[in-house]
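**Student:** Protein chains in written order, with our numbering: chain A, 1 to 290; chain B, 1 to 290; chain C, 1 to 290; chain D, 1 to 290.
Keep in mind that the hints are not guaranteed to be accurate.
[To be verified] Each pair of labels, with its calculated beta carbon distance range: (1) A:A93 to B:L244: 45 to 53 Å; (2) B:R140 to C:A253: 53 to 61 Å; (3) D:D123 to A:G47: 55 to 63 Å; (4) B:M179 to D:S290: 34 to 42 Å; (5) A:G212 to C:R131: 39 to 47 Å; (6) A:A93 to C:E48: 28 to 36 Å.
No lab work stands behind these hints: they were computed from the structure.
Glycine is no exception: its CB is placed at the ideal position from the N, C-alpha and C atoms.
There are 4 protein chains.
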Amino acid sequence: MSDSPNEGSARLVAQCAKRPGILAAVFEYLDRQGAVVLQGDQHSTDGENPRFFLRVEYDLAGLKAPPEAVAEGFGAEVASRFGMDWRVAYSSARRRIAILGTREPNCVLDLLWRARTEELAVDVAMVLSNREILRPLADRFSVPFHHLPVTRETKQEQERAMLDLLRGKVDLVVLARYMQILTPTFLDEYPERVINIHHSFLPAFAGADPYGQAEQRGVKIIGATAHYATADLDAGPIIEQDVLRVTHRDTRAELMRVGRELERQVLARAVRWHLEDRVLVHNNKTVVFS
Amino acid sequence: MSDSPNEGSARLVAQCAKRPGILAAVFEYLDRQGAVVLQGDQHSTDGENPRFFLRVEYDLAGLKAPPEAVAEGFGAEVASRFGMDWRVAYSSARRRIAILGTREPNCVLDLLWRARTEELAVDVAMVLSNREILRPLADRFSVPFHHLPVTRETKQEQERAMLDLLRGKVDLVVLARYMQILTPTFLDEYPERVINIHHSFLPAFAGADPYGQAEQRGVKIIGATAHYATADLDAGPIIEQDVLRVTHRDTRAELMRVGRELERQVLARAVRWHLEDRVLVHNNKTVVFS
Amino acid sequence: MSDSPNEGSARLVAQCAKRPGILAAVFEYLDRQGAVVLQGDQHSTDGENPRFFLRVEYDLAGLKAPPEAVAEGFGAEVASRFGMDWRVAYSSARRRIAILGTREPNCVLDLLWRARTEELAVDVAMVLSNREILRPLADRFSVPFHHLPVTRETKQEQERAMLDLLRGKVDLVVLARYMQILTPTFLDEYPERVINIHHSFLPAFAGADPYGQAEQRGVKIIGATAHYATADLDAGPIIEQDVLRVTHRDTRAELMRVGRELERQVLARAVRWHLEDRVLVHNNKTVVFS
Amino acid sequence: MSDSPNEGSARLVAQCAKRPGILAAVFEYLDRQGAVVLQGDQHSTDGENPRFFLRVEYDLAGLKAPPEAVAEGFGAEVASRFGMDWRVAYSSARRRIAILGTREPNCVLDLLWRARTEELAVDVAMVLSNREILRPLADRFSVPFHHLPVTRETKQEQERAMLDLLRGKVDLVVLARYMQILTPTFLDEYPERVINIHHSFLPAFAGADPYGQAEQRGVKIIGATAHYATADLDAGPIIEQDVLRVTHRDTRAELMRVGRELERQVLARAVRWHLEDRVLVHNNKTVVFS
């Protein structure tokens, strides 16, 4: 794997205040560099402070300069002109994730499985947990497992140990029912790079035991929400949500069973979109070019 | 329309504490009366205070006694034995509804239309509103319209006037975006007979401007909820919910447009199920034998 | 209504063989003309004969030349260079549709209603039918109704009469359960401008009585399909499809009832997308920039 | 595990020509035996040859006789009276399945996984295949794997070998993308006990390469269908179907990826319902008491 790929495609992701001429500038530049556009998505908002969002996937094959030079040129020539917040990623630069779990194997295994079968084009660098219980699962997939127990007193220390393990090794952290609240210190190191799955249709049933809450309220639909984790619990930018119908017949146990299926799908979709650089965040909301 | 139908079917709806022998007693009784069962639904809960719910639709054609006598006999022989909360309704006894609206024609017209085309087997006895704006719609369908303006000072009085209009004329009140909160005094007269439509997936986005709230929170799915109105606003027993996917492209106006379609469907389904005696309520939750 | 709008937006729709530089050329041109892009969608196919599809919505407010001149310039400068099949439509140029029906009021009324409430930004120029039965509905909405009876012998003549009525007055023909097969002669006058609703998930249950077929086969889901009408019956390019779950309880009558609701939604969505120039056709398939 | 369970529940499943008095007879009998009903479902059809379907789940705890005696008594007293096709199954009698696959691990692994995690309460007795490729998967789950290669000449022989392996060891055969057509000889041994997954919304796209067909036709929704295998290929009674929306962006590869997820869900649901004795078959259609 190389940071300077000669084949595959690049994904240019950018956002900035909305102004005329952005698309012309972007596509004129790419065309001049020999970049054939494979897919282009654009969105802009109205109202006060209108904002512009862009994702362009282009082929590296015909580039007239090395990919990095093309990207640097974009920064110097286009991005700086429009004050863009931007990045370029390469399809050849395989992403690495860490999975954090506690007890429940459901989402942990689903991610391990999808990574193994290439349903998700990702390497699982490690599984981290505050319990031992998930170790055999990680072992079965030959993925390093780290047990980092935590108490209220050792939380800071434990997070520091996790950060030490993650640093430089991981591009995305996935909370697959990790039953600990991460501190802002931790989250600040991975802005918009920690994805959490919540087993309800947020903002309904935030907090603990959402299925119990749902069963109590008598809802006819249950949901799951994948979102970027932020210091404000269950309130981070929503990446994906989905729902399933339930009836009076469904006990809490049954809600949990069907919900597990939903959780893995929603989480896997959010992780895929993140890995494919399809998710842009602004003002605690996402633009998803799915 | 007759209270003593000789044709059509009866719908027996009952609930009570769960005990052995209920089904045997119910079906033995009905069989003895010559009642051929067309559809039978049953549900029971577990846990503390387990409860039993029943809905049986039976043909009146072969009854060995007048329908009322059969029903009375059921009460005396079966319902009293099990302490049932029960009722019998006849398919021939056409239900009458009142529609309460304020400004938005969406659900009002949908209901008028469905009643006209017999998609809903119901008579719309009247449209009531605190505004004049819906009058032409009611006129177009030749449905009586009553304008009952309301201020904070005249609320009690206005509700009393509504109750006078409704009394004896209406079996169900449908709040089709009626922008006034009904008092417990009003609701007590129509327990489990006032259906409201809320344009969100309750309990998310209760209160005012749910689409604005949804757009603000960046959800990927919007919903609608039909529920029995109770004194506790937006917290009554949920009859039906449904959702639609939305994206970052959908402005608040767009959310409102797609939401309107959802609202009418969800409300119409809830009204249909109520009219067909498919909804049983216990502990602020519904059993829906749909 | 003016063909030379000074406000509102334009929708540029184009397709051509895939080649490098198209996006650069398009957006450079538009930028040079002062056209602020409101929304841009692009798609390209792989494989043999890869093809490029484009839809750009731009604001007319800042244009440096009259809208028509900008469009003409686009044709001369960009479209001709890439061999584009293209058109420009203006949001201010309100579209006119004709609704063709036979007996069933379901979709006819839904369209009339949506046009009335501006859920669809369209004028219904006329309702045409081979029966009289729908006349009162058209009258209620003050829409001209034309009764054009047809027999096997008079088919050619009747279609000619319809074409005379439609010519110059209508931009889109909607078959809202019109129970006659249109001849290629008719369809050739309105290529990709006749939308039909079929009450099944095509290609399943093509032909007559799809609900009967569905009930017979015991499917667990029913569907509806809106497509452009072509000489090859039920085989034209699919614009939109949707489905609903059904169970063993649903009789054919019940399938028809729930199906009607589905039909109107699917048809209305297809009509909306067509009217907003979101549907591009190539090789009997659609690209829908929804 | 015992055929004479003293705890858990029994599931009585029955069908017969519709006649009055069935429910009374069934529930009177069960009540007399001390059988507390946990769940009761009933369905009857109209029209010619109306038919009655029943599923009753009852607690074994309070039975006044051994479960087998209760079941035998039911046969003698009730089933014989109404000419019922019936059976009783016990929740304690764990079912055993064989999974037949060829190359694709998707559904095979999903079933192995669900069996392991008890999402499906079933024992996987063996994995059979005409290829070696799935052996490591079976090994990983410590499930016996049998490789039974097949050519046109050896088909009869191979099926005989499979039947030898299955006989007495397996209650249900699941075709998890088994790429061989089973002969009537094989299927006759397992009537309504062989479940197949087809990767389309049947009857659309029966036969080979359904995703290719779907991509070719330009559908907006893809589906999956689980059905009992019959001699008439892809035409057996449908147990469950579900769909996913797709767009012009989805290539055949993408359709296959999202389709795989759908297949496993639909197949797992059908298998669960079968295992819980929720599926009754009559006239090539199913009644599913889900």
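**Student:** State for each hint whether it applies.
**Tutor:** Do the hints match the structure? See the list:
no., hint, result
1, A:A93 to B:L244: 45 to 53 Å, "violated, 37 Å"
2, B:R140 to C:A253: 53 to 61 Å, "violated, 28 Å"
3, D:D123 to A:G47: 55 to 63 Å, "holds, 59 Å"
4, B:M179 to D:S290: 34 to 42 Å, "holds, 40 Å"
5, A:G212 to C:R131: 39 to 47 Å, "violated, 57 Å"
6, A:A93 to C:E48: 28 to 36 Å, "holds, 30 Å"
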